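With the sequences and hints as input, model every part of the structure.
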Amino acid sequence: MAPTNTKINRRQFLKASASAVVSLAVVGSAAYYFKDKSSLREKGFLRPPGARAEKDFLFTCIKCGLCVQICPVRAIHLADWDDGLSYGTPFINPAVQACDFSCDAIQCAETCPTAAIDFQIFKHAGNEAVEPLYKKYPNGDFPRNLNPFKVQIAAMKRADKMGLAEVPHPDQCLAYHGQGYKGPLGHGNKGKLRPPDSTERIRIEETEVNRKICDLCVIYCPIGEEAIELTEVSDGKFLPKVKDGCVGCGVCQMVCPTIPQAIIVKPLDKEPQFA
Amino acid sequence: MSFLYDFITRDKKRKPLPPKDRSNLPFARLGFSFKEWHDGHVNKHKWRNRRWAFLIFINLLFIISFAFDLSILEGSLSGSRLIGIYLMDPFNSSQELVIGSRTGYIALLTTNFWIGFFVIMTFYWLLGGRAFCSWVCPYHFFAEMGERVHNYIVKKKKIREKTYDITVKYVFWAGFLLLAFLTKELVFENLNPVGILSRSLIYGPGLALIWVVALLLYEVFGIKRFWCRYVCPIGTTYSFIGDVSPVGVKFELDKCGYCTDCQDVCLVPHELWFVKKGAATKEVHFTGGDCTKCGLCIDICYGEALSFGFKAPSYILGSVEEKKELHPLEVPDKTKKEK
Chain A
1 MAPTNTKINR RQFLKASASA VVSLAVVGSA AYYFKDKSSL REKGFLRPPG ARAEKDFLFT
61 CIKCGLCVQI CPVRAIHLAD WDDGLSYGTP FINPAVQACD FSCDAIQCAE TCPTAAIDFQ
121 IFKHAGNEAV EPLYKKYPNG DFPRNLNPFK VQIAAMKRAD KMGLAEVPHP DQCLAYHGQG
181 YKGPLGHGNK GKLRPPDSTE RIRIEETEVN RKICDLCVIY CPIGEEAIEL TEVSDGKFLP
241 KVKDGCVGCG VCQMVCPTIP QAIIVKPLDK EPQFA
Chain B
1 MSFLYDFITR DKKRKPLPPK DRSNLPFARL GFSFKEWHDG HVNKHKWRNR RWAFLIFINL
61 LFIISFAFDL SILEGSLSGS RLIGIYLMDP FNSSQELVIG SRTGYIALLT TNFWIGFFVI
121 MTFYWLLGGR AFCSWVCPYH FFAEMGERVH NYIVKKKKIR EKTYDITVKY VFWAGFLLLA
181 FLTKELVFEN LNPVGILSRS LIYGPGLALI WVVALLLYEV FGIKRFWCRY VCPIGTTYSF
241 IGDVSPVGVK FELDKCGYCT DCQDVCLVPH ELWFVKKGAA TKEVHFTGGD CTKCGLCIDI
301 CYGEALSFGF KAPSYILGSV EEKKELHPLE VPDKTKKEK
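These protein sequence lines map, in sequence, to chains A and B.
Heads up: the first sequence runs through residues 1 to 275, numbered per my numbering.
Heads up: the second sequence runs through residues 1 to 339, numbered per my numbering.
The hints are simulated quantities; they were obtained by calculation from the structure and are not laboratory data.
Remember, it's a predicted structure, so these values are computed and weren't measured experimentally.
Do not take every clue at face value.
To be verified - Listed next, with one range per pair, are the computed distances between beta-carbon atoms:
no., chain 1, residue 1, chain 2, residue 2, range
1, B, G84, A, K182, 43 to 49 Å
2, B, G84, A, E42, 37 to 43 Å
3, B, D69, A, K136, 52 to 58 Å
4, A, H169, B, A174, 52 to 58 Å
5, A, Q12, B, G84, 46 to 52 Å
6, B, T163, A, E42, 44 to 50 Å
7, A, S19, B, L60, 35 to 41 Å
As the list claims (entries may be wrong) - Heads up, simulated DSS-like pairs for lysine-lysine below, C-alpha to C-alpha not over 25 Å straight-line:
no., chain 1, residue 1, chain 2, residue 2
8, A, K161, A, K243
9, B, K162, B, K276
10, A, K15, B, K12
11, B, K162, A, K15
12, B, K276, B, K155
13, B, K13, A, K15
14, B, K276, B, K20
Quick reminder that beta carbons are idealized off the backbone N, C-alpha and C, glycines included.
And the structure:
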């Protein structure tokens with residue numbers, strides 16, 4: 001850079017900087033405009049378990065996709081540009097593949113480097129559940145029917161709510177008409193699932209079931225009785241009743257054989273702490 | 001800021017050394033004419049081939065790790081895990097830190113985040129900052145191809161070459177950080193072609209690829225290397241650490257024949273400012289922070305005046321070395337054969 005060029009360079013620099021500032025302002029206002037333009041919620045998509053409140057989640061998630069990779073059932077996908085500033089953030093479509101907790105330790109939360117999916121919730125819940133057990137049996141000689149690991153996992157599964165299941169239109173439900181169901185699990189979707197009290201995953205489209213009264217959402221619920229129960233509403237008519245224990249994992253929606261699904265999961269809103 | 005700029009341009013501001021006499025030029029010392037010496041060199045594209053192979057290998061490793069569920073290199077270029085060690089994109093992390101310090105979220109960032117941030121900073125400090133660009137970044141690969149097309153079109157006189165002041169990238173760097181601070185969003189990540197391309201390669205293409213293609217077309221038919229040279233804040237972050245990195249492309253004045261062919265192939269020609277006749281201010285120069293360590297100049301250099309080398313700590317701080325004796329010269333490959 002010869003000294004004689006300094007003036008030209010300065011003018012050039014100022015010119016370029018001016019266009020830089022203008023384009024940054026355009027980008028900034030576009031970001032402001034697109035801030036709440038995400039359609040993930042309207043589509044009924046869930047955030048992974050332990051995800052922070054939507055507003056916090058958007059800035060904490062760095063869109064690396066490590067949660068996508070770790071999920072053994074490949075339930076998590078990354079959003080595209082049509083979801084505004086949610087671009088690149090992870091979501092779960094429970095109608096196709098729900099989170100069935102078959103990784104046992106909420107690995108998507110554990111792997112998240114920025115804690116956008118917060119593992120601390122699960123860690124605390126798990127520790128709280130096992131600590132009294134270790135106090136009771138200090139030497140680790142647990143009774144045969146008591147597995148502290150299982151207690152811990154069970155508590156972790158229940159620690160956070162992704163959403164809440166509901167039956168918006170009861171007349172779509174087979175059980176409401178007193179009907180049974182024979183055929184493969186799900187509504188034509190391909191997915192993986194580890195049924196409760198099983199150690200192996202099944203492919204839902206290959207699993208044939210035969211129920212006198214359709215109660216698939218109840219028997220495949222990874223939480224169990226405290227989340228969902230089949231109740232008789234009137235003579236011969238049944239409906240699944242969603243209880244407080246529901247964490248909104250979406251397994252019920254995934255296995256529901258009707259189109260559209262009689263039971264669906266609505267994402268829950270959390271209170272933002274930082275944004 | 002001006003202090004920083006003075007530091008980055010510390011060598012350029014010195015008084016240039018007087019140009020060498022014709023008899024002192026390397027080809028004259030070997031007893032060749034310039035043409036004989038120049039044509040005697042065969043460009044084997046050693047570093048270019050190594051670099052492309054490495055770039056494709058790294059990006060394939062990402063793709064394979066996801067496709068076959070291997071725990072080798074998981075994640076994407078925004079954040080990844082290499083056999084258990086986290087690696088974070090430095091500008092992404094910087095935005096996260098800026099927002100985090102405003103909202104208080106910084107306390108909740110995991111240990112893995114800090115490990116990833118410092119590992120990547122140390123790693124690229126050791127390997128020369130923007131080495132990331134030419135050795136890893138998938139966008140750079142396509143942009144490099146785009147640059148060739150652009151050069152061809154310019155040669156055919158279909159479009160005119162335009163250059164702008166590259167210091168504008170510091171404005172973008174600070175601006176994107178300021179935007180993150182003001183909007184509390186990772187604004188840049190929505191426009192980041194590196195992340196978009198990396199995610200598209202690994203998790204499947206999406207709408208966001210339109211932006212990357214548009215950028216590439218603009219670089220081919222509009223401004224040469226528009227994104228990489230004038231905008232990309234990831235590269236700027238790396239250029240800060242690259243400037244004080246212990247490695248760089250070493251230039252030895254006494255082996256140089258002033259042909260400036262290296263500047264023609266260089267992807268960041270302003271970094272090779274010292275190869276012009278009478279421009280060098282020291283006997284030994286190293287390229288600065290913007291140098292991507294691509295090795296194109298090393299491949300083309302006839303007199304082996306350019307090579308990868310280690311800087312002394314005193315060099316980084318801007319001291320001058322004493323003039324040493326002339327290097328012994330080697331006869332170029334092709335002429336060796338003829339003899």
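- Measure nothing beyond the straight line between the CA atoms of K161/A and K243/A; if it is 25 Å or shorter, mark the hint as holding. holds (13 Å)
- When you take the CB atoms of D69/B and K136/A, is the distance between them in 52 to 58 Å? For D69/B and K136/A the Cβ distance comes to about 39 Å; the hint is violated.
- Message: The hint says 46 to 52 Å between Q12/A and G84/B; measuring C-beta to C-beta, is that right?
- Response: Given range 46 to 52 Å: holds, Cβ gap about 48 Å.
- Message: For a C-alpha distance cap of 25 Å, please report whether K13/B and K15/A respect it.
- Response: This hinted pair holds, its Cα atoms lying about 23 Å apart.
- Query: Using the C-beta atoms of G84/B and E42/A, is the stated range 37 to 43 Å upheld?
  - Reply: Distance hint for G84/B, E42/A holds at roughly 38 Å.
- Message: If I claimed the Cβ atoms of H169/A and A174/B lie 52 to 58 Å apart, would that claim hold in this structure?
- Response: holds (54 Å)
- Holds or violated: K15/A to K12/B, with C-alpha atoms at most 25 Å apart: holds (23 Å)
- State, for the Cβ atoms of T163/B and E42/A, whether the hinted interval 44 to 50 Å holds or is violated. Because 47 Å falls inside the window, the suggested range holds.
- Message: Within 43 to 49 Å: is that where the Cβ-Cβ distance between G84/B and K182/A falls?
- Response: Holds: the Cβ-Cβ distance is about 47 Å, inside 43 to 49 Å.
- Holds or violated: K162/B to K15/A, with C-alpha atoms at most 25 Å apart: Holds, at roughly 14 Å.
- Message: For K276/B and K20/B, compute the direct alpha-carbon distance and say whether it is at most 25 Å.
- Response: holds (11 Å)
- Given hint K276/B paired with K162/B - CA-CA distance at most 25 Å: holds (21 Å)
The structure does not agree with numbered hint 3 stated previously, though it agrees with all others.
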